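> What follows is the residue order along each chain.
There are 2 protein chains.
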Amino acid sequence: MSNLLIRNVRIMDGDAADIRIRDGVIADIAPELEPGDAETVDGGGHIAIPALVDAHTHLDKSLLGLPWYKNDVGGGSLIGMIENERRIKRALDYDAHVQSMRHALRTVAYGGTMIRSHVDIDTEGGLRALEGVQQTAEKLAQVVEIETVAFPQSGLMIREGTAELMDRALEMGAHLVGGLDPCAVDRDPKGHLDTIFALAEKHGKGIDIHLHEGGEMGLFSMDMILERTEALDMKGMVTISHAFCLGMPDFRRVDAMLGRLAALDVAIMTTAPSSSPAPLVRELDARGIRIGAGNDGFQDTWGPYGNGDMLERAKVVGQRNNLRMDSEVKRALDICTGGGAVAMGKPRFALETGAPGDLVLVSGDTVVQSVVSHAPRKLVVKAGRVVARDGKTLIDAP
Amino acid sequence: MSNLLIRNVRIMDGDAADIRIRDGVIADIAPELEPGDAETVDGGGHIAIPALVDAHTHLDKSLLGLPWYKNDVGGGSLIGMIENERRIKRALDYDAHVQSMRHALRTVAYGGTMIRSHVDIDTEGGLRALEGVQQTAEKLAQVVEIETVAFPQSGLMIREGTAELMDRALEMGAHLVGGLDPCAVDRDPKGHLDTIFALAEKHGKGIDIHLHEGGEMGLFSMDMILERTEALDMKGMVTISHAFCLGMPDFRRVDAMLGRLAALDVAIMTTAPSSSPAPLVRELDARGIRIGAGNDGFQDTWGPYGNGDMLERAKVVGQRNNLRMDSEVKRALDICTGGGAVAMGKPRFALETGAPGDLVLVSGDTVVQSVVSHAPRKLVVKAGRVVARDGKTLIDAP
Chain A
170 MSNLLIRNVR IMDGDAADIR IRDGVIADIA PELEPGDAET VDGGGHIAIP
220 ALVDAHTHLD KSLLGLPWYK NDVGGGSLIG MIENERRIKR ALDYDAHVQS
270 MRHALRTVAY GGTMIRSHVD IDTEGGLRAL EGVQQTAEKL AQVVEIETVA
320 FPQSGLMIRE GTAELMDRAL EMGAHLVGGL DPCAVDRDPK GHLDTIFALA
370 EKHGKGIDIH LHEGGEMGLF SMDMILERTE ALDMKGMVTI SHAFCLGMPD
420 FRRVDAMLGR LAALDVAIMT TAPSSSPAPL VRELDARGIR IGAGNDGFQD
470 TWGPYGNGDM LERAKVVGQR NNLRMDSEVK RALDICTGGG AVAMGKPRFA
520 LETGAPGDLV LVSGDTVVQS VVSHAPRKLV VKAGRVVARD GKTLIDAP
Chain B
170 MSNLLIRNVR IMDGDAADIR IRDGVIADIA PELEPGDAET VDGGGHIAIP
220 ALVDAHTHLD KSLLGLPWYK NDVGGGSLIG MIENERRIKR ALDYDAHVQS
270 MRHALRTVAY GGTMIRSHVD IDTEGGLRAL EGVQQTAEKL AQVVEIETVA
320 FPQSGLMIRE GTAELMDRAL EMGAHLVGGL DPCAVDRDPK GHLDTIFALA
370 EKHGKGIDIH LHEGGEMGLF SMDMILERTE ALDMKGMVTI SHAFCLGMPD
420 FRRVDAMLGR LAALDVAIMT TAPSSSPAPL VRELDARGIR IGAGNDGFQD
470 TWGPYGNGDM LERAKVVGQR NNLRMDSEVK RALDICTGGG AVAMGKPRFA
520 LETGAPGDLV LVSGDTVVQS VVSHAPRKLV VKAGRVVARD GKTLIDAP
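Heads up: the protein sequence lines correspond to chains A and B, in order.
If you're matching positions, the first sequence starts at 170 in this note's numbering and goes up one per residue.
If you're matching positions, the second sequence starts at 170 in this note's numbering and goes up one per residue.
Errors might be hidden in some of the hints.
Same chains, same label: a pair holds when it works inside one copy or across any pair of copies.
Straight-line Cα separation of at most 27 Å, BS3-like style, residue types lysine-lysine; simulated pairs [claimed, not checked]:
| hint | residue 1 | residue 2 |
| --- | --- | --- |
| 1 | Lys547 | Lys239 |
| 2 | Lys404 | Lys239 |
| 3 | Lys239 | Lys499 |
| 4 | Lys561 | Lys547 |
| 5 | Lys308 | Lys374 |
| 6 | Lys547 | Lys515 |
| 7 | Lys515 | Lys404 |
| 8 | Lys499 | Lys561 |
| 9 | Lys308 | Lys547 |
| 10 | Lys359 | Lys404 |
| 11 | Lys374 | Lys359 |
| 12 | Lys371 | Lys239 |
| 13 | Lys359 | Lys371 |
| 14 | Lys308 | Lys515 |
| 15 | Lys561 | Lys308 |
| 16 | Lys374 | Lys515 |
| 17 | Lys547 | Lys499 |
| 18 | Lys499 | Lys359 |
| 19 | Lys404 | Lys374 |
| 20 | Lys371 | Lys515 |
It should be emphasised that the hints constitute simulated quantities derived from the structure, not laboratory data.
Every value quoted in this text rests on a predicted model; they were computed, and no experiment measured them.
Take the sequences, apply the hints, and build the full model.
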C-alpha cells in the first residue's frame, strides 16, 4: 500500500507543512515530518488542495483525440441532439473504451481523482458503452475512482427493451440507476419513474436522474421523484442532476421544494450553466443540501465547450452564483472537491488526518487566485500515489 | 510606416496564405507573396484571426501585480462595492498609470489591440485616474488603441462637483461621456441623463452608459436614454453597456425595445455575465444591433475573476448564449473582434484587403477549437507592427 511523504506544501492558505499519506489515507500533516521508509516528493512550496471531483460527466461521449467535429446541429432540440449523437457515433464506429480513457486521463491531469459518469444504455449501442467505460475504470483503478450510472439517454419508455438493458447494466456492476426528463423525453413520468425506482429497489442501488425540465414541469417531475424516494425509504440515495427548475424565479415555490429535498437528503449535481436557470449555491447551502459539480460531457456532439478541468469549473460555479468574496469562492472550490465527494455519498476529500489521500498541488499565491486563474497543477495524488505531474498523467492516454 | 509580410498562416479555417500589411492596412492576402523590402515573419501555419477588441473594461481598477486582494465585501450592494473601491484605492495610494499599463499590456499579450476603457471621474480622485490612463494610452499608442470614457462611478447628481469634473475630463480628451444607473445610483434619472447628454452635446462626443438596472426599471431608463438620443439627433453615437434589462423574460417588452435600439443604431456592450439576465446575441442579431463585448474590470476590488483574454470572452459569450454550432461560435468570436470594433464605431477588423492591419495568430486545429480552448497566442500585430509573441508583449509591463 502507499506510503508517501509530500514535503513543503502550503495547506490551502495556511502555513507550510509536510503531508504523510499511508495506506491511502492522510496519516499526518505537520512541519518537518520524518521520512522513514516513505517515498518522498518535494512539494516546492505549492498550495495543497483536496483532489477534484467530477460528479457529473459522460465518459462515453467525448471526441477527444478525434478530428474536430464541426457542429451544425445546435442546441434547439434535446431530441435532435440525442439523435444526432447516435448518428455520429455510428458513423465514427465510436470506441467507448478508448474515448473514456482519453477523457478520464484528461480529468486526472487536471487533478480529478473521482468521477461519476453517466453511460448511455440504449437499444442501439446496447451495453457496449458500459463495457468500454468499465474497462477504463478497471485499468485506471489506482489512478481515478470511476462510478457509473446506467443512463437511458435515448429514452426509456419510448424505446422498448431499454429497461431490460438497464437491468443487465446494473447486474454488470453499474453503480447507480440513471434517468432522464420523465415528462419531456419519455412523456410518461409515472412509467419512467416507476421503472427506474423498481430497478433501484431490485438492485439495492441509488439513483441519479438528469432533470433538464424547467419551471413547473421540472417541479412536477421532482415532486414525483420525491414521492417515490420517501415511499421506498431511499433517503440519502437519490441525486438529481442539473435540476434547472430550482433556478426558476418564483422563490417561494423553489424554497418549498428545497425544504423537501433537504428532508430526504437528495443531492444536487450542477454544471453551473450560464445559459439556463440553475440551482443556486447560497439557497441550497441555506438548506444544507449536498451539492456536487461536474463538467458534463466536453468536446462532444453536444457542443464544443469544456476540457475536464474541475478547478476551472469551480470558477464557473463561483461566477454563476455571483460569489465574489474569498470565502465564497472557497465554497465553490469545495463543491468541486470534498463537497462533491460527499454529494456522491463518499468520504469527504479534505486536508486532514483520516481523510482520503487524494490531493492536488497547484501553483499560485492564494487558493482563490489559483481558482480564478485555474492555475497549473504541479502534482496529483490518488490514495497516496502520484498519478500526474505538471499537468501530465504518468499513464499515457491511448 | 509599417511594411510587414506574415508568411504561411491559415486565414481563419481557410487555406494557407501570406498576409502583407502596409501603412497599417492589410494590402494583400495570397499565397507566396514577394517579400520585397518588407519585414518578414513566419506564421508557422497558425490560424490568423482579426485582432481582439475589449469594448468594455476599466483600466483604472485592476490590482494586477499588487498583493492578492482578499475580498470580504461581496456583491450584495452596488453602492457598497463602489465605496469599498474608493477606500481600498485610497489605502493603496493607487497608481492609475502603472495599473493601466499592466492591465492594457495583459490585454495585448492575449491579442487585444483595441480597448474602450471607462475611467472613474469623481470628487475624491478628481482627474487623476484619467491622467494615468491617458499617459498609458500615449505610451502604448503604437501597441493598442485606447479609447476613454469619462465615467461618474460614484454617482453624478449625488456628488456635487462631478459634472464639472466630467466637463474637464472631456476637455482633456476623454473620448466619450459615461453614465451609470440613472435611477438606481443617482436616484434622479432626468437630472442624470440631462447632464450627460448636455455634456455630449457641448463636446460633440458620444455616450456610453452603464445600465445594470434590471427589468422594468432598466427599460424605463433605456426609454429615457432613447428619447434624448432621438431629440439630440445622436443616432449611432450612443452605447449602452450591460443592459441587463434586455435579458428580462417578457420577450414582447424586450423585442419592442430592441426595435427602438435598432432604429437609433444604439450599440450594446456585454460581458455575457452568467449570474444575471443579459442581452442575448440571437435576439440582437435578429434586429441588426451592433454588439461588442468586454472583460470588464478584472482582479479588482469588485471581484477576483477575469484575466484580459478576449478570446476566452468569446467562449463565455458562446456559452452564455447557448451557441453550439461552429457558425454560432464564430459569431461569438466576431463580437470580440471585428464586430466589437464596429460597435465602437471603428473600422471592422477583418482578414481582408483594406482592413486595419490588426490580427492575431493562434494555435489550434480550427477557429472554434481555438476559441473554446482559448488557445495560445503566437503573434499579435497592431497596425502592421508585431507587439506580442508567444503570449508576451514586446514592451514589459511596469
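> Determine for every hint whether it applies to the structure shown.
Evaluation of the provided hints:
{"no.": "1", "hint": "Lys547 - Lys239", "result": "between (33 Å within a copy, 24 Å between copies)"}
{"no.": "2", "hint": "Lys404 - Lys239", "result": "neither (43 Å within a copy, 39 Å between copies)"}
{"no.": "3", "hint": "Lys239 - Lys499", "result": "between (37 Å within a copy, 12 Å between copies)"}
{"no.": "4", "hint": "Lys561 - Lys547", "result": "both (9 Å within a copy, 22 Å between copies)"}
{"no.": "5", "hint": "Lys308 - Lys374", "result": "within (24 Å within a copy, 66 Å between copies)"}
{"no.": "6", "hint": "Lys547 - Lys515", "result": "within (25 Å within a copy, 44 Å between copies)"}
{"no.": "7", "hint": "Lys515 - Lys404", "result": "within (15 Å within a copy, 60 Å between copies)"}
{"no.": "8", "hint": "Lys499 - Lys561", "result": "within (25 Å within a copy, 30 Å between copies)"}
{"no.": "9", "hint": "Lys308 - Lys547", "result": "within (23 Å within a copy, 38 Å between copies)"}
{"no.": "10", "hint": "Lys359 - Lys404", "result": "within (20 Å within a copy, 57 Å between copies)"}
{"no.": "11", "hint": "Lys374 - Lys359", "result": "within (20 Å within a copy, 63 Å between copies)"}
{"no.": "12", "hint": "Lys371 - Lys239", "result": "neither (42 Å within a copy, 51 Å between copies)"}
{"no.": "13", "hint": "Lys359 - Lys371", "result": "within (18 Å within a copy, 68 Å between copies)"}
{"no.": "14", "hint": "Lys308 - Lys515", "result": "within (21 Å within a copy, 56 Å between copies)"}
{"no.": "15", "hint": "Lys561 - Lys308", "result": "within (17 Å within a copy, 41 Å between copies)"}
{"no.": "16", "hint": "Lys374 - Lys515", "result": "within (14 Å within a copy, 61 Å between copies)"}
{"no.": "17", "hint": "Lys547 - Lys499", "result": "within (20 Å within a copy, 34 Å between copies)"}
{"no.": "18", "hint": "Lys499 - Lys359", "result": "neither (40 Å within a copy, 42 Å between copies)"}
{"no.": "19", "hint": "Lys404 - Lys374", "result": "within (12 Å within a copy, 64 Å between copies)"}
{"no.": "20", "hint": "Lys371 - Lys515", "result": "within (22 Å within a copy, 66 Å between copies)"}
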